[in-house]
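J.: This is what each chain is made of:
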Amino acid sequence: MRSRGEDSRDMVEGGTQVTIAPSLSAAVGFLFRRLFRFTSVLLGIALITFSLLDLAPGDPAELVLLARTESPTPEKIEAVRKDLGLDVPFFSRFTNWAFSALKGDLGRSFRTGDAVAREISARLPVTLTLAALTMVFVMVISTVTGLVSGLMHGGALDRGMRAWAVLSISMPDFVLGISLIFLFSLKIELFPVVGLSGMHSYALPVFTLGLSIAAVHGQVLRAGVMEVLNTDYVRFAYAKGLGPWAVIRRHVAKNALLPVVILWGMSLGHLLGGAVIVENVFSLPGVGTLLVESALQRDIPMVQGIVLFTALSFVIVNRLVDAIMRFFVPSLISQSGEGR
Amino acid sequence: MRFLKAAALAAALFFCASDLSAQQYLSASEKSFVIGVGRDFYEGSDSRGYLHGSTGMWEALTYLDETMTPVPWLAESWESQDSNQRWVFRLRDKILFHDGSRLSAGDVVESMKRIMKNPRYDPAGSLSYVESVKTYGDRGVAFTLSRPLPHFPKLVAYYGSPVFKPECFDDMGRIKEPVATGPYRLKKVLQGSRLSLAAFNGHWNGVPPYEELVFMSIPDAQTRAMALIAGQIEAVADVGGILPEQEKPLQRNPNLLLKKTEVATTHLLVFNCARPPFSSTETRLWVSGVIDRGKLLDVFAKEAGVAAADPYTPMAKEYAFGLIKPSRHPMPSEIRNYKQKITIILHGATLQRWPYKDIAQALQALLQVHGLKVEIRIMEQGSFHDSIKAGRFDVALQPYTLMTGDPDFFYSYWMLSDAPRNCGWRNPDADRLINEARHEADGQRRKDLYRKLQEMLNQYLPLLPLYHDVALYAHRKEVRCFQMDHFFKPVLKVKGCE
Chain P
1 MRSRGEDSRD
11 MVEGGTQVTI
21 APSLSAAVGF
31 LFRRLFRFTS
41 VLLGIALITF
51 SLLDLAPGDP
61 AELVLLARTE
71 SPTPEKIEAV
81 RKDLGLDVPF
91 FSRFTNWAFS
101 ALKGDLGRSF
111 RTGDAVAREI
121 SARLPVTLTL
131 AALTMVFVMV
141 ISTVTGLVSG
151 LMHGGALDRG
161 MRAWAVLSIS
171 MPDFVLGISL
181 IFLFSLKIEL
191 FPVVGLSGMH
201 SYALPVFTLG
211 LSIAAVHGQV
221 LRAGVMEVLN
231 TDYVRFAYAK
241 GLGPWAVIRR
251 HVAKNALLPV
261 VILWGMSLGH
271 LLGGAVIVEN
281 VFSLPGVGTL
291 LVESALQRDI
301 PMVQGIVLFT
311 ALSFVIVNRL
321 VDAIMRFFVP
331 SLISQSGEGR
Chain V
1001 MRFLKAAALA
1011 AALFFCASDL
1021 SAQQYLSASE
1031 KSFVIGVGRD
1041 FYEGSDSRGY
1051 LHGSTGMWEA
1061 LTYLDETMTP
1071 VPWLAESWES
1081 QDSNQRWVFR
1091 LRDKILFHDG
1101 SRLSAGDVVE
1111 SMKRIMKNPR
1121 YDPAGSLSYV
1131 ESVKTYGDRG
1141 VAFTLSRPLP
1151 HFPKLVAYYG
1161 SPVFKPECFD
1171 DMGRIKEPVA
1181 TGPYRLKKVL
1191 QGSRLSLAAF
1201 NGHWNGVPPY
1211 EELVFMSIPD
1221 AQTRAMALIA
1231 GQIEAVADVG
1241 GILPEQEKPL
1251 QRNPNLLLKK
1261 TEVATTHLLV
1271 FNCARPPFSS
1281 TETRLWVSGV
1291 IDRGKLLDVF
1301 AKEAGVAAAD
1311 PYTPMAKEYA
1321 FGLIKPSRHP
1331 MPSEIRNYKQ
1341 KITIILHGAT
1351 LQRWPYKDIA
1361 QALQALLQVH
1371 GLKVEIRIME
1381 QGSFHDSIKA
1391 GRFDVALQPY
1401 TLMTGDPDFF
1411 YSYWMLSDAP
1421 RNCGWRNPDA
1431 DRLINEARHE
1441 ADGQRRKDLY
1451 RKLQEMLNQY
1461 LPLLPLYHDV
1471 ALYAHRKEVR
1481 CFQMDHFFKP
1491 VLKVKGCE
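Line by line, the protein sequences are chains P and V. Sequential numbering from 1 applies to the first sequence in this note's numbering. Sequential numbering from 1001 applies to the second sequence in this note's numbering.
Chain V on its own, in the form it takes in the complex (with noise of 0.2 Å):
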């Protein structure tokens, strides 16, 4: 079925890229710009954004850039008091909501409170250390912590801190009509389909580039192309927005512009250290050291990653250091007795975007070669997650974005004792190391801890990181300007561009 599915598919892309110029659909005015995207980006009334953070509709304080370090976006400029116990976020001058009202820093307060009130809208905890947050002065917001965190910028940066006008939500934070101060203001959702956007002409940045924006939901890959082929969309950016295989088809079209980027996702190979066989050190040791990453890589992810030797994204610069360099080890005589079988589980939304059945069968072939049997279970996610939480599985395929850009995001979720995704390891001097560093002050002590926490990451290797994500993105050629950055968000007012 698959194969039937692949050919069809792979003969449609390769007649379209001799060239098709299908124009009949393109979007009704030149001013305005449609993107081709793989889900929906209506998030709900109960949600953080409302929106998906891509549709530029709202904004927050601060941004994570290319390197991970946080830049000013609804603030202008921060700065730490007290030791890293209080921080003060001072606002840009004359920001604007969508219905003209001037933003002040108590909308930002009540924004923040917004949030930290309702679970769903922080589900990792990240403003769990917030104490009180009030205005400080006529644009300044004053976060006091119960904990100094150095890193804090980063916890309010994109989804951390969405500002929205507090008459648009209610008392349990459900938003009615959202009123943003992003570039774009919501026009009209036609939920699972499409969602419209006009430019909002008082933005701080200065007039949007188009006058209206467009989402449309399509959710099969193939379609999405034959649509930008057509012309009836104008761009594809989304996470899996274009698939690895369809790279080169693609790039055969005259009438495209096929891109890549480096995105914070990272893709694990997560070994289950609560039970045998991966309980033990020396097995996972071997295993990792059997794997060779950057042939896996060449094979089924071409030129959509990168060999990893962080277990996080290494656009965190500062605190990558390339230290997982697993080398090879002697085959253990547990692993070499074992006679049960070995269960790699998958989950099924992943496996059409990233190659995780072609890797979980490489490596079921390598296990296999030794002697071991290996049973591949693909599952939906509620199933999924069950199995990794009740211990069900010996290897998981997973993917992990640092959506904060900060090292604590990722040991805090993986390798803490009690850690929501720790999968059997526990290690008290590591626990030590981490708690330890999220508090440290000195710049340069929390990179230290951060580097021990790394190599003992790969003296034990409770999980093995494969490779870090470079996603694909497409825009006609008609389109002079647009990017799509490490977060999935589209870039319409490229630097250098206009």
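The shape of chain P in the complex, shown without the other chains (with noise of 0.2 Å):
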């Protein structure tokens, strides 16, 4: 079976140059591989999350009725198991429900009764925005402490940078975000406690979210640079005469970036799962407490359609991040011998 790269590629028969374009029925397998890959990795997952939270112990109907710390009889428990539709055997239950989600109704919360697409449609906008701004915050940091740090390592600015990634990395998120809330909303009045009222409330949460991770990837960078520094084409471009801006612009940066931007495509997918602890401090309505809450109430249906969310957007981000990169770097084409 050809790659799409072979298709592509000019090649030589006998002497003769030909040149072979895409056939489409090679196109649409192509295609087609690709959804079918994509689709069992969904319904894989889907059916890990279903089986997990069949296993877990605790009735769904019984947590739904003790919502109010009164006392369910066991009559009543039968009754909402009914009406859940949890009386139904385990693969009938999940056949139904990854039929209806494939007709795109991901069924109605156990808690509430409202439809699970509405809820985390509700939810999405602070995760997205959260998510977002975050990254451009890690995206910027990173970037520049990770060069700097590279470049200048073992000296002074270095070393700083080196404390202030251990600091941010062992920082819990939590304290983090009391300390921010402490003194930019009480004692400089900068920004609220809670609440949304425009971006600007979306400041200490993307700092307290992106420090960390903005730490790490910095350091993976630094350690790039350094070993990037090495090498023997970074060498022979000083010997060509190259400026050392021009070399850290073309040869460095380009290729110490790699490893931190499929990092930064992880990092998006993990920050679109939610970020509980943040949102919980700073009384953020997103995905990831909607998850923690319905997880914890056994709310199935909720559960389920965060977590195929959660997966669609990992998959898609980290299809993004490797059209990126072989954008950037078409040899990856033929190293990884994607396609077949």
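Just so you know, the hints here were simulated from the structure itself, not pulled from any lab data. Just so it is clear, CB atoms sit at the ideal spot from N, CA and C, and this is done for glycine as well. Not one of these hints is a red herring.
Sample of chain P residues at the chain V side, in silico, Cβ under 8 Å:
(1) Pro57
(2) Thr73
(3) Pro74
(4) Ser109
(5) Asp114
(6) Ile178
(7) Ser185
(8) Leu186
(9) Pro192
(10) Val194
(11) Thr289
With the hints as a guide, bring both chains together as one complex.
T.: This is how it looks when you write it as structure tokens:
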């Protein structure tokens, strides 16, 4: 079977150059394979989540009824079990859910009775904004600190940045969050303590969430920069007479950033799944808090919906990162053999 | 980790206590009132009330006052007929729904049928004895019961009978857009974040004190306190809204008023009577005698509780006999020779609100002194309830709220042989007394029966009531009239304060 790379490449047969254009069937096959893989991953994740929730102790029907610390009778629990469809065997429940999900119906929340898709979409703007702003923050801070630290390794600035990185990584989010609220909301009165009254409301949550991620990524970039600086092609670039900035821009930064771009993609995937602690401290109604609340209440349709959304985001973001990498480093296409 | 958090927050609150005049984020209008709560008060379309009762959006037939006695709400009076087997509630005149239409007895009947039809809306089966509910004249609603229930007006109190306009719910009882009769009507729901309600000027009890009422969901207790200090919210009023460790720092803040209120929650030490070592009455009596509940309270709950001498809230004055007084007993030989580990289980979500972990550790130390091996297991709620049901525990700490204000609610939950939370203690005499008391029409005789039951409870101690909860709440000083009642409901119209 030919890869997309081979199909589109010029080939030499018997001394005559022949250009093979990608055929329609190959393209359809490629798309089909991708779609199959994509659906299998999502279904696999959905099945695992469904099984774990089913195996987890605690009866969802009882937990729904216990929500107000009242005493559910066994008859009521049984009636709610039926109402929620929990009396149906596991595989029937899963296939029913999967078919409905394929049609775009994620079901109703066990807790509220509202449509799962509606509840998730109500929380999405907060999660998406938080994730996007945090990623911008992480990309800027990690690139600057990583490059500066790597280029000036061993110096005072590098030591200072490493100390900052260690401090950021080791400080728990809730301590940082509460301290920031105290300083910037109570003392300086720059930001609100809670609530969303504009983009500035995201400043403290983004800083809290992004600081440790930026520190980790910055350290990875620093290591990358130090490694690239010792390579032959960098020495060769200097020997060619290129100026330090040109070498850093064209060779060092470009190559050292590759593993960090992959990390950025993975972090974005994680952030789209919600940031429970930060959402909790800053009272942000995001997907993360909803997932935790739903999991504790055994709200199976809601957990399934959120996991599906997170998995989907993760796959899409990873594909995007792949595409970006290929765009900047075409040699990766032949190295990875992707498309086979 | 916990220490770090506590230290950071204590420092934060200490500094705030000196005075912080962050008024920048005060609610936009003086006519609006913002209350911070620890959870989302949106309960959903498939719930009894759509919003939590504290929001004041909906009303019920009766409410329970601070002595757990039913008082008029939508119903102005009620009477029993046919030896408590038929109850007739007379509605107030000229009650309007939020859309301006008049509330009729038929609307109340439909609302009651909605609750009875859907198992979710009456989990305790409080209305399971209702055979029929019909209109009775112009403003009367008549309930016919299968058995006499002298405490029926308590069963329809508060969450027992939220009334909605029948057009706003479907056949399943799901509410599309809530239309009720409360002093505030729903304006906007931002799930997990805030609820906005607007004053309903057509309310039967007059114009509400604030034009807008906002409930902000702030799950973290320290953030809640800081939002209050900053003036972004005007009050914190909810179960566990202010933690006992926040009491002192908040008290020092000159802009805040910290208040306490007795609530209907009692904290219980539940023994697993189905397996050794606590299947033995002597062992339970010995452990209960060894635990100094007053001291536990002094050390861990400070002023956030009252040592319990009743298994349920003493606010139910009529039935508060104060008979639970375990005395010192010698250590029985079964427990002295017990070599296995005693497991104390705790529900993780309760630890943020009450000092259960401290109490469990004190109990662990106490039993270890007597040569016993003890482990503490903290579980999330599914595992916790599963362990209770399957009997995989020895001791559990649990809160219990007497929602109906009637002892039957307690005994039917914990003590009856087939009670949902019976933990292995079964006694035919107790079953007989519970069933007899539930339907007893004679008030004095009913009281005597519950006294006997409490004596029996003290004799066998299948569970030990530790303390009755006293809830803390706070508001800013510029708010003149604000209280939280015994069901954690904000009271905006305070008598003698208007």
